[in-house]
Each structure stands twice: as structure tokens, then as C-alpha cells.
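One gets our numbering by counting positions in the sequence shown from 1 and adding 252 to each.
I should point out that these hints are in silico values taken from the structure, not numbers from a laboratory. Note that CB positions come from ideal geometry on N, CA and C, so glycine has one too. Mixed in with the good hints, there may be bad ones.
List time: in silico EDC-like cross-link candidates among lysine to aspartate or glutamate, alpha-carbon distance up to 20 Å [said to hold, decoys possible]:
| hint | residue 1 | residue 2 |
| --- | --- | --- |
| 1 | Lys331 | Asp277 |
| 2 | Lys503 | Asp529 |
| 3 | Lys342 | Glu386 |
| 4 | Lys503 | Glu524 |
| 5 | Lys503 | Asp530 |
| 6 | Lys503 | Asp473 |
Simulated restraints on C-beta separations [as the list claims (entries may be wrong)]:
| hint | residue 1 | residue 2 | range |
| --- | --- | --- | --- |
| 7 | Ser567 | Asn507 | 46 to 54 Å |
| 8 | Asp316 | Pro550 | 13 to 21 Å |
| 9 | Asp561 | Glu500 | 18 to 26 Å |
| 10 | Glu524 | Asn568 | 49 to 57 Å |
| 11 | Pro550 | Asp352 | 33 to 41 Å |
| 12 | Leu565 | Glu510 | 45 to 53 Å |
| 13 | Asp316 | Leu506 | 44 to 52 Å |
| 14 | Gln521 | Asp543 | 44 to 52 Å |
| 15 | Leu565 | Ala464 | 39 to 47 Å |
| 16 | Ser567 | Ala406 | 23 to 31 Å |
| 17 | Leu574 | Ala309 | 54 to 62 Å |
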Amino acid sequence: MKQLIDTPLTRHLGIRHPVMLAPMDKISDGLLAAEVSRAGGFGLIGAGYGDPDWVDAAFEAAGDQPVGIGLITWCLLEKPKLLQRVLDRKPAALFVSFGDAEPIIEAAKEHGIPTIWQIQRLEQAEQALEAGTEIIVAQGQDGGGHGMDRGLSALLPAVRDLTGPDQVVLAAGGLADGRGLAASLMLGADGVMMGTRFWASHEANGSDIAKARLVNSGGDDTRRSSFFDIARGLDWPGNYSGRVIQNEFSKPWLNEPEAMKAAADDIRQTYEAADPDDFSVRALIAGESLDLVHDIQPAAAIVETTVRDAARLLSNAPSYLLNQDQQT
253 MKQLIDTPLT
263 RHLGIRHPVM
273 LAPMDKISDG
283 LLAAEVSRAG
293 GFGLIGAGYG
303 DPDWVDAAFE
313 AAGDQPVGIG
323 LITWCLLEKP
333 KLLQRVLDRK
343 PAALFVSFGD
353 AEPIIEAAKE
363 HGIPTIWQIQ
373 RLEQAEQALE
383 AGTEIIVAQG
393 QDGGGHGMDR
403 GLSALLPAVR
413 DLTGPDQVVL
423 AAGGLADGRG
433 LAASLMLGAD
443 GVMMGTRFWA
453 SHEANGSDIA
463 KARLVNSGGD
473 DTRRSSFFDI
483 ARGLDWPGNY
493 SGRVIQNEFS
503 KPWLNEPEAM
513 KAAADDIRQT
523 YEAADPDDFS
533 VRALIAGESL
543 DLVHDIQPAA
553 AIVETTVRDA
563 ARLLSNAPSY
573 LLNQDQQT
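I would like the entire structure built from these sequences, with the hints used as guidance.
Quick look at the structure:
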């Protein structure tokens, strides 16, 4: 599809469409990232907690398509060899989130690799700006997976006011269609990063059972908590929680945080014993945008529909304006 929307993001990365794939842990593999890039957006491999062999395989699967890679900051800082391994791959961009990423940003810059820093607070945006991060992603609390508790509609314009007009800024959290892209542009973003909508794509690295559960769930089924971090034995910093589709296993514990921590070993054993596709126990990470996800589509179709619908909405925007020559 030809380019319909031109923004600082499309010019900075040399892409046709201001749509970026969120680096969902293992879901955004090399195949999905490459398909988003091939469609004119920007694909990010979701390396999550950093399995080196998986990372290598994902880059191989991406082939000659320009893709970036996203990693969890606090986890990557504990694995300097993995950082060097990633940098040696010369990704099209390095995405970081959840922690002090200044040393990672500096290392990437030394290797000539574009940098993307996702933030959830204004103070984090200021830190990312001072570090010289090329792209800042403002993440709202309605997104799936880990994050914090600020809403996107207030955070995004505040980030734009802080950074000024020349910084490339993206919106993330609860965005799944052209309405989200058009609205984000009006709020100060140069594009959007979407996760849940791409999770429900043919190319996403997940089972048909998982994808069917996504389509048949809604935003009201999700909630932020630390339950599934405890169940998976993940030691996340306490200021981050994970938005997940809650299930029969998690719901009884959500309002009993102290009891949940005390029962951590039993919770973990039950979780690990469950079949990976048994989502009455297992975690299915997704955001509030599930209400906008009604089917499984090719990733390219998601990119194109999002951009086409946004362009239509933007072109119709003057219809809201009164005749400027009209006397009042």
C-alpha cells in the first residue's frame, strides 16, 4: 500500500506507515516482525528475558527485512554478554523499557543503532530525552503486559510538551485501529506502537487456542496485578504490574496480595504443572484493546487497515470546523 501519512517517525526510520509492532515476549518473533516491516510499518522482535539462542533464531527468521529488537531493561542490565550479542546483530533499532536504560542507550549509540525508550512517567521521559534517545514511547496503563498506572490520554500530550516538537514520540497502550492512530497523532504522537492487535494475527508466535481466547475476551476481562509474575517465578520491580486476561486461577488472589505472596510456592507449582494452552491457569497477556479485536488477520492487513482508517478520519477532520468566514 502506498504511503498515506507522513510523520517524523516515518522519515526517521525510512518506513511508509507510522505503525510499530510492540516487542511482545516471544510472541513478536522474527516472522511477525519481518511481516510488519514488509507491510511498511516497523517490526520489533520481542526478546523478553533474553534467551540468546531464541534471539539468534528470531533474527534468522526475519531474513533481510529491517527489524529491531526489544528487551527488558532491568533484565538486560544483568546480561552484558547478551547486550553485546544483540548489538553485534546490528538491529534496525534497539528498544528498551522498565528501568534505567542510560548505559544501554549509550552502548547502542556507540554502535550506530537507533534507540527507542518506552516510558510510563514524565520523569522517565526526561531521563530518556537527556540520554539522547531517538524515539520515546509513551505507554498508557491500558496496554497489555507490564507497565504502570498512568493513562495515555494525559501522559502523551504531557510528554510532547516536555520533549518539544523535534523529538520523535510514539503512543502505546490500548491502541488497535485507525481511530487510535488518528487520536494519537492529535495528542502529539508521531505514530503508534500496537501489541494486542498484532497478537491476534496469523503470524504471531502463539497457538490457535490462545488467539481464539483473545478474540472471545474483552477489555473488562483484563486487570493489572503481580499474580502471574509470582506464578511464573519472575522477580519484577514492585512499581510495575502486568495486565493479563484474568482467569479462574488468578481471580481468588487478586484482592489478597499478602496471602498471594505467602502461597507463592504452591501457586508456582500449580502454574508450571498446567498445559501451556490451559488458560484457566496459564497467563494470556493482553490489553484493554481486546474490545476492538474481533478476528485473526494477517499482520500486513492490520497495518494497512489501521493506516487507511486513520487517513480517512484525518481527512474528514475539517468537517468539524465551522466556516471560518461565517459571521458570529
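Checked hints:
Between lysine 331 and aspartate 277, the direct Cα distance comes to roughly 17 Å. Compliance with the 20 Å bound is thereby established for this hinted pair. Of the pairs offered as hints, the one joining lysine 503 and aspartate 529 holds, with about 18 Å between alpha carbons and a cut-off of 20 Å not exceeded. The suggested pairing of lysine 342 with glutamate 386 holds, with an alpha-carbon distance near 16 Å, which does not exceed 20 Å. The straight-line distance between the Cα atoms of lysine 503 and glutamate 524 is roughly 18 Å, inside the 20 Å bound, and the hint therefore holds.
Of the supplied pair hints, the one linking lysine 503 and aspartate 530 holds, its CA atoms being roughly 15 Å apart against a limit of 20 Å. With a C-alpha separation of about 10 Å, the suggested pair lysine 503 and aspartate 473 falls inside the 20 Å cut-off, and the hint holds. In this structure, serine 567 and asparagine 507 meet the distance hint of 46 to 54 Å, their C-beta atoms being roughly 47 Å apart. Between aspartate 316 and proline 550 the Cβ separation comes to about 20 Å, which falls inside the hinted range of 13 to 21 Å.
One distance hint, 18 to 26 Å for the beta-carbon pair aspartate 561 and glutamate 500, is violated here, with the actual separation near 36 Å. Between glutamate 524 and asparagine 568 the beta carbon distance is about 52 Å. The supplied range of 49 to 57 Å therefore holds. Our hint of 33 to 41 Å for proline 550 and aspartate 352 holds, since their Cβ atoms are close to 38 Å apart. The beta-carbon spacing between leucine 565 and glutamate 510, approximately 47 Å, falls within the hinted interval of 45 to 53 Å.
At about 45 Å, the CB distance of aspartate 316 to leucine 506 agrees with the hint of 44 to 52 Å. Between glutamine 521 and aspartate 543, the C-beta spacing of about 34 Å breaks the proposed range 44 to 52 Å. At about 30 Å, the beta-carbon gap between leucine 565 and alanine 464 misses the expected band of 39 to 47 Å. Checked against the hint of 23 to 31 Å, the pair serine 567 and alanine 406 passes, with Cβ atoms roughly 27 Å apart.
The hinted window of 54 to 62 Å between leucine 574 and alanine 309 holds, with their beta carbons roughly 57 Å apart.
Checked against the numbered hints given earlier, the structure breaks hints 9, 14 and 15 and satisfies all the rest.
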